[in-house]
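Undergrad: Here are the chains, one letter per residue:
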Amino acid sequence: MTEALDLSLREQAAAIAAGELGPAELLEATLARIEERNPALNAVVETFPEHSREMLAAAPPGPLRGVPVVIKDEWPLPWRAQRFGAAEMLAETVPGESGPYRALRDAGAVFVGVGNMHELGASSTGNVSVYGPARNPWDTDRCPGGSSSGPAAAVAARLVAGAVGADGVGSIRYPAAYCGLTGLKPTFGRSAMDGHHMAGVSTTIVSGALCADAADCRLLDSALFGEELAAGDAAGLRIGVIRGEVSEDVDPAVREACEIAIEDLRRETGGEVREVELPELATATLATVLIANSESLGSITPERLNDLDPALSPLGRGLLKYRALLPAIATIKANQVRTIARHTLASVFDEVDVLACPTVPAVAPPLEAPMVELPSGTLTADEANVRAGALANLTGIPAISVPVGSTEGLPVALHLQAAWGRDELLLDAAEAIENANGRRWVEAAPPVQGAEPLEA
Amino acid sequence: MEAANSPDDFIPAGLAALGIEADEIELAVIGAAHQLFWPAILELIALDTSQVPAERSPDLSQAPPR
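The listed protein sequences derive, respectively, from chains A and B. If you count the first sequence from 1, position 391 lands on 391 in my numbering, and the numbers rise without skipping. If you count the second sequence from 1, position 52 lands on 52 in my numbering, and the numbers rise without skipping.
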C-alpha cells in the first residue's frame, strides 16, 4: 500500500477506477501515513476519520472517486468551521458546504484532513499559525511558504497527492515554489469560491490546486472549475521574460535555473523568447496589498480591534490595527492602478502568450528568521516574494508556479502568467517544461521520504 | 506642507482618532509596517490618475474592454 500512497493523483484515481486499488485501503493507509509523517511537519492540523469514511461510502463515480485530499483551513467543511490559521478571524464562520468541498465531493474525492496555513493568510512564509507553523519537508527548519503552508507541505511529503489552497496574494504559488510543487492560481472567478468568508467581498482570492505536477493540477482544478481543462501542446509559445527586479534582483542560482527552464520551454514548444517591460509592476504590487487588506475591513470595528484574542500573534494584531489607518484615497488610487495594469497586460498579451520570471527570488528561508539575501541586500521574504506574485491577483489573470531546479537542497520555481481564461495554456506550458527536463524536478522527493536531496 | 513619514507623527493620532488601543509591541509592529509602506503610499497618492479610464466594478475574469 506504501506504493499506492506515492502514486500521483491521477494514478490513484485511475487505479481505483480500474479496480486495481481499494479506496478503503487507500484511505486507511493515508490516515496512517499522516499519523506517521505529520508530527515532523504539522502540515495537517485536523483529521476526521469517521467523516472521511462516510464521504468514501457515499462517493459518486466521479473522476476523483476515492482519492484522498487535504483542504486548507480557509474553507468550511460540513462538520468544521474554518479558523484561517488564527485564534480569531474577525469574521463569523460556521460549518458548511463550501464550493471546493461540493466540487470535490461530487467528483468523488475524500477529504482526509485540514491543512495548516499562515495566520489570517497574511504572509508568504507560513511561519506563524495558531497551530504552530507547518514545516517544509525539504528542510523542516525552513518555511513551507504561505499562506497555503499545510496543503503544500502535505503534498510534498506525500501525505496526500493533492490539496486545495487559496490564493489572494500569491498564497498558492509561494508554497508551491518553496515545497517543489506545481500550483495554479486560476483566472479570477473560474474556480469554486462560495462558502469562503470573503466570497463576494474579495476581488483577489481564488481557490486552486497544489499537486506534484501539472497533470495532477489539471485533474484537481478541473473539479474545482466544474469543467475539463483540456490539454493542448503550447506549440509556438511566445514567452515574454519580465525585465526588472523580479528577474534580476534574484539569487544567482535561482536566476540560472529559471533561465534554463525558459530556454527549455522555448525549445520544447518551438517558441520564441522576448523581453517585456512592465514599468507599473512596483506600483501594482503595492496596489494589490492595499486592495487585499482593505477588502477585509468591513468586519472590523474599533471595539473588536480593542478586544482581540491575546492568542493572535503580536504581528497579526499590529497589522490588523494598521489596516484601519490606511487612507481611503490610497485604496481609490490602488483601484486606478488596477485599471492601468489590466490595460497594460491586455496589450502585452497581444504580443506574448506567457510572462515568465522566478516565482520567488530565493529558496525557502529559515522559519526562525524569514529573510532572504538578494543582490540588492537583505529583505524580508514577504517584501521579496510579493514583487512577482501580486500582479495576477490584482488583474485577475491566471498564474502557475512550476518546479525547475534546486539549490542548497531546496526547490527553485518558475512563475508563468497568461491572459484571462488561458489557465489551460499555463498547464500545457508547465507540462512542456516537465517534458524538457525529463520530469526531474516534479519527481524529486524530499528527504522526509527517505530520498537524498537533489542538487542542480 | 511636507508629508510626514515618521510613525511618531501619524500613528498615535490616527489610532486615537479611531479609538483604537495598542500596546507597546503592537505599536512597534504598526510602526514597522508604516515605515515600510508609507513612502510608497505617498507616491501612489501623488500619481496623477486623471486620465485613467473609469472601470467601475471591473470583470476580473476577463480582459478590460478596449
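By construction, these hints were calculated from the structure, which means they are not laboratory data. Where hints are given, some of them may not hold.
To be verified - Here are some, though not all, of the chain A residues that point toward chain B, as calculated from beta-carbon distances under 7 Å:
id: 1; residue: N306
id: 2; residue: K321
id: 3; residue: L325
id: 4; residue: T407
We put the CB at the ideal spot given by N, CA and C, even for glycine.
Undergrad: Each of the hints needs a verdict: does it hold here or not?
TA: Quick rundown of the hints versus the structure:
no.	hint	result
1	N306	5 Å, holds
2	K321	6 Å, holds
3	L325	4 Å, holds
4	T407	28 Å, violated
Violated hints amount to a single one, hint 4; each of the other numbered hints is respected by the structure.
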